[in-house]
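There are 2 protein chains.
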Amino acid sequence: MTKPQIVIIGAGFGGLAAAIDLRGVDADVTVIDKRNHHLFQPLLYQVATAGLSPADIAVPVRSVLRGHPNARVLMDEVTAVDLTGRQVITATRRVPYDYLIVAPGAGASYFGHDTWAGHAPGLKSIDDATAIRSRILAAFEQAEMAASETDRARLMTFVLVGAGPTGVEMAGAIAELAKRALARDFRAIDPNATRVVLVEGGPAVLPGFPGGLAAYTKRSLERMGVEVRCDTSVTEVTADGVTVGETDIPAATVIWCAGVRAVDVGGWLGVETERQGRVAVGADLSLPSQPNVFVIGDAAHAEMPDGKPFPGLASVAKQQGQFVARLLRARLGGDTGSLSFRYRDLGTLATIGRSSAVAVFGRVMLRGWLAWVVWSLAHIYLLISFRNRLLVFVQWVWAYLTFGRGARLITGPTQKQRTG
Amino acid sequence: MTKPQIVIIGAGFGGLAAAIDLRGVDADVTVIDKRNHHLFQPLLYQVATAGLSPADIAVPVRSVLRGHPNARVLMDEVTAVDLTGRQVITATRRVPYDYLIVAPGAGASYFGHDTWAGHAPGLKSIDDATAIRSRILAAFEQAEMAASETDRARLMTFVLVGAGPTGVEMAGAIAELAKRALARDFRAIDPNATRVVLVEGGPAVLPGFPGGLAAYTKRSLERMGVEVRCDTSVTEVTADGVTVGETDIPAATVIWCAGVRAVDVGGWLGVETERQGRVAVGADLSLPSQPNVFVIGDAAHAEMPDGKPFPGLASVAKQQGQFVARLLRARLGGDTGSLSFRYRDLGTLATIGRSSAVAVFGRVMLRGWLAWVVWSLAHIYLLISFRNRLLVFVQWVWAYLTFGRGARLITGPTQKQRTG
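Each protein sequence line maps, in turn, to chains A and B.
Just so we're aligned: 395 in the working numbering is position 395 of the first sequence, and the numbers increase by one with no gaps anywhere.
For any residue, its number in the working numbering is found by taking its place in the second sequence, counting from 1, and adding 420.
Isolated chain A (complex conformation) (with noise of 0.2 Å):
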């Protein structure tokens, strides 16, 4: 008798998770990625900002899983899944599954306007951030050799739309580099006087966070000379620069920061899906009438107990990789009693700059150099390999003495921006 397939789509948090804490069951575990490695998104925005090098933050699945004997890794784009036949449908080949666990993830919405995509690149995958990493440090090469005062300030304007995490870490990312690593290398251009710009639709930066961090992360952006735009939002976006409301700013450089879309999996799976694209999921996380078929992560709309869906956090992911293992587990061994996915909230970082971040666990929060610290720790512990920890930190220590930037490497395509 064969063993009963398990399928997992995607290598994130919540597909890794699931993967790495079904080792030993007894089925054969196979992990579907387009990609060959492991992300450790929270820390994207530093290879985009040239502080770490992408091997630093990123991890070939494979490798987590050597250890596995009943897992294997496929490294191939999934086209749609056949759930009469129980099958994951690549472009080249058909994968049979008892149980399925869909992890794609999400990547970057523009609410629509699809053309901004190309002047406003978002943050998702390690070629985002080396492409952003290009963009902004082309920008400033261009400027030291700009014809004009009106080109220059255009090439030294950075506009980051979206005040998440993302937003703000790039936003105070950007000051600092600026401000910091390029301070005394240039000769016709004076990087202290780049403008960054925060914009964000609604009325306070770090949605989610309590009042009193947002109101010390803006304050804080503001001293490192960003210019925090709240309650503004974005009508169009070109090769120029954005317009807020009425007002143009001329910005070569603009980042998406904004809005997130589930992977299609909607269209995979046949099923309909809510405005950002998730798949509405049982307690257990399993679709609706497929109880051998489950979404976790950005993919899926599950609900909390007070009726609003989980946050697309990394560590909702990763708890819901391992509950569904468990869930696994127990029915491998015939237990075919309901379980209800639990989110244990570890607490929530945002970092803000050097020796800068706020925290939330619980009801503490903290912010400033303590928060810092703690942010700096989590992350140094929760990326995977010890290699990649013992990288991070010499580099991270390093900069912090230095305040210098290792990565500042323009690669890729020649993208010449338009200059005048």
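No lab work stands behind these hints, which were simulated from the structure alone.
As the structure is a prediction and not an experimental result, all values here were calculated from the model.
Hints are not guaranteed to be accurate.
[What the hints assert, rightly or not] Far from chain B by the CB rule (all over 12 Å, computed), these chain A residues:
1) P4
2) G202
3) M224
4) V271
5) S286
6) Q290
7) G347
[What the hints assert, rightly or not] According to the in silico footprint, chain B covers these stretches of chain A (three or more CB under 8 Å from chain B):
8) 32-39
9) 51-61
10) 69-75
11) 135-141
By construction, the Cβ of each residue, glycine as well, lies at the ideal position given by its N, Cα and C atoms.
Using the hints provided, position chain B relative to the given structure of chain A.
Just chain B, lined up with the frame of chain A:
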């Protein structure tokens, strides 16, 4: 009175050495490079084989020249030189010079078979290295999913064309990657079955090294499982592999480590070049009849006392840059005496694999572990910035202890390799 203008084209070993040694002269120094970073090319093969990250072997040119107030850096692409008007011409500007140092380096040469370039990429830039890394790693991923044994064998065959230091280093590194770092990561394939073929047109590997060391290198590679084929010319390269003589070697990955050809410096200057695109220069490295224009490094054909051209080594380029800087210092000081470039041979090294290398220092020859230690220390020392040295050291120690490879990332546009 405006200061004399010294323009340097290229921030490789030669150009950067000249710029560094022109610190403090009473002249304005402008360095023009199409990239923003100086690249430590001798370790590029380690990026291509997932041992190091790009940022470990590259440093922004601006950072290097930060403390040189008389130096500025332009990231721009040279299209021509107006020798009569004394201007360097780029796509967007004209840069006047009084003294010009041309040091643009070399690229891969396919000996007239330019269609081979797409199938057999060369290894000259960071983008080359990350693209080759993606190709190598993706070949194993596709082999894991291959439909037939024929496909699998083709995907697991790697051909290196040219057995100079780069070819030898790549062959050794791919063999070690497969047999060590990847050994336990796959389920359907055995990475130990990887076939690495090193093809060399000449009679021995490492042309230019003493025969004894070449023979030792060949034996070492063969012990590592590399097939070394000397006296063998490649007659065809396609998406399916290479043809050597009458034999087809089916291979999904072919890497070009053979000829180099100077960047189009003859075209810029409007002068004749020899077969490898190099421009003949006099004993003081200046162009005949252009005493203020110097060509150095891989773009220059300067003759050694025995009438042979200087080899295309980093140390030659670096010493030539230092020589021209010294000559210009003398000229700016009013000394019009003539100087002749002399090369001081500090030794030649090539690494074969873990704990194995060859080295020549004058009459002293080293091989094996001791040569490898010397090679490691020399390369760590030579890496320009301390941060790079420290990180590379940490990673090497780690890799040595664990056999692991830290940078196994497949990034960039997904290149679907031909499967069947």
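Consistency of the hints with the structure:
1. P4: holds, 17 Å
2. G202: holds, 34 Å
3. M224: holds, 22 Å
4. V271: Answer for V271 of chain A: holds, closest chain B Cβ roughly 27 Å.
5. S286: Holds, because the least Cβ-Cβ distance between S286 of chain A and chain B comes to about 28 Å, which exceeds 12 Å.
6. Q290: Given that every Cβ of chain B is farther than 12 Å from that of Q290 of chain A, nearest at about 27 Å, it holds.
7. G347: Answer for G347 of chain A: holds, closest chain B Cβ roughly 29 Å.
8. 32-39: holds (count 4)
9. 51-61: Three-residue rule met by the region 51-61 of chain A, so holds; n is 6.
10. 69-75: holds (count 4)
11. 135-141: holds (count 3)
Violated hints: none; the structure is consistent with every hint.
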